[in-house]
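So the protein lines, in turn, are chains A and B. First residue of the first sequence: 1, per the numbering used here; consecutive thereafter. First residue of the second sequence: 1, per the numbering used here; consecutive thereafter.
It is possible that part of the hints are untrue.
[As the list claims (entries may be wrong)] Listed below are the simulated DSSO-like cross-link pairs for lysine-lysine, each with C-alpha atoms no more than 27 Å apart in a straight line:
id: 1; chain 1: A; residue 1: K141; chain 2: B; residue 2: K111
id: 2; chain 1: B; residue 1: K125; chain 2: A; residue 2: K266
id: 3; chain 1: B; residue 1: K125; chain 2: A; residue 2: K269
Just so you know, the hints here were simulated from the structure itself, not pulled from any lab data.
There are 2 protein chains.
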Amino acid sequence: MKKIAILGVGLIGASLGKALLSRGAVDSISGFGRRRSNLETALEMQCITQIAGTVEAAVRDAEIVVVCTPVETIAQTIRAALPHVQPGTIFTDVGSTKASIFDDFHELCEKFGCVFIGGHPIAGKETSGAAAADENLFVGKTTVLTNPKPEDAYEKIAQMWRNAGANVVFMPPLEHDAVLARTSHLPHLISCLLSASTDPSLYPFSGTGYLSMTRLAAGSPDIWRDILTDNRQNVLAALETFTEQLEQVREFLKNGETEALETFLKDAKANRSVLTQP
Amino acid sequence: MKKIAILGVGLIGASLGKALLSRGAVDSISGFGRRRSNLETALEMQCITQIAGTVEAAVRDAEIVVVCTPVETIAQTIRAALPHVQPGTIFTDVGSTKASIFDDFHELCEKFGCVFIGGHPIAGKETSGAAAADENLFVGKTTVLTNPKPEDAYEKIAQMWRNAGANVVFMPPLEHDAVLARTSHLPHLISCLLSASTDPSLYPFSGTGYLSMTRLAAGSPDIWRDILTDNRQNVLAALETFTEQLEQVREFLKNGETEALETFLKDAKANRSVLTQP
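With these hints in hand, go ahead and build the complete structure from the sequences.
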């Protein structure tokens, strides 16, 4: 690839740029974002090859425009960019929710002779900004693409993610949001619930278990407010399943049903053992 | 110290032995346990200095007997050891729940001219057995001791844990169990609930967040059945607080109260930020 544009050069955008540039998969990356100092960090760290002063300048001549802003601003970012791109430009994003984006932008992009392939790299860490960029962030991780057509555009975006080290899987937007509610959005909410419901005066009596169970709660409240709000029907459904299991275990404890409790703990361990990583 | 006995040479017992021997804090450690192969590993790894064939042989001439068996077998282990020790021997344990142990054994030990100082090092990992022993497992971690008297015995056990690198804090048994229900037992239960309520077919779409939120579910079902059962009144109370917060957040989501949701996420993050470790 000759040139791509990255709009929003935070952890994900900067890591994607660094992954592609370090592997020689793209010649030039133009980066646009709100904070100048962050863009300068991204340039220094070789996550982008040039800083664009405007969206217009960023997307000029780009084959692919990767929108890496938070979920709530993907819409306005694509709207701002569309009038300035060549017909045939492929738009993609990295948002954690996909159904609402798909509804809004697929048709709009077509009007400008462009296509939209929704994307979601399932990777991250609790640090943010270009300073946290990691060229291996996506290695061995799954990136979901939500639009299989047009085939050549899909293949181009898939290849971009493969070049960054990711495994690419197709999944329709509605299914993606239902699945991620269970594997990502609910766990995040649970982590926040645990953190919010524990008095910090008890921290001297907490161990590594508490640390790992509340690690996600350190994530950005802005970003997660948007994700949880956007995907709230699926998150509520996931919460329902979780609560049903919780009520059952509560009964086991209340009634001293130790065998049932042990069976539950064994099931939980068996499920976890399928995951190979600690 | 000249000689201590460790009864139950699993992760905690073996790590304590290794911590004390590697720092020259004790001359000799006699280890007793059910599995011969595990005791041999402990000896090879310098967690103990000799393998005892019986409880009687292990505790002979020991100044301190550290019971490191699972919560449910601490009682029978102390009962088996008491007839064979010198008067003045100090018994201590590493159980995750303390109230029931205190009730049972304080008086019994006194009948044999011995004392019991309940202990709980708040440290661990998801691997088990002597093979996982780590001489730095307790460094910078809190060990709770639940009996302040007799003072000389308390000080001797406190010094043992300080020698292993731990910070020692006194806390009465009932308070200990109420606090640990919130910082350890509830987080463990929540991790298991998340693991048990998620279909493993979704794992390709899970990231590092899901991994850390379900790490505790890999713990031993036996050990945790006992801890959760023994401390079930406090765990049920902690679950109550957690569920109240959960119901509130569920309402925020249902009603689209994004500001209230954001405030909750900010509170969760603020609480977590008090903890310095990632």
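Right, here's what the structure says about each hint:
no.: 1; hint: K141(A) x K111(B); in the structure: violated, 61 Å
no.: 2; hint: K125(B) x K266(A); in the structure: holds, 18 Å
no.: 3; hint: K125(B) x K269(A); in the structure: holds, 15 Å
The structure fails to meet hint 1 from the earlier list, while all remaining hints are met.
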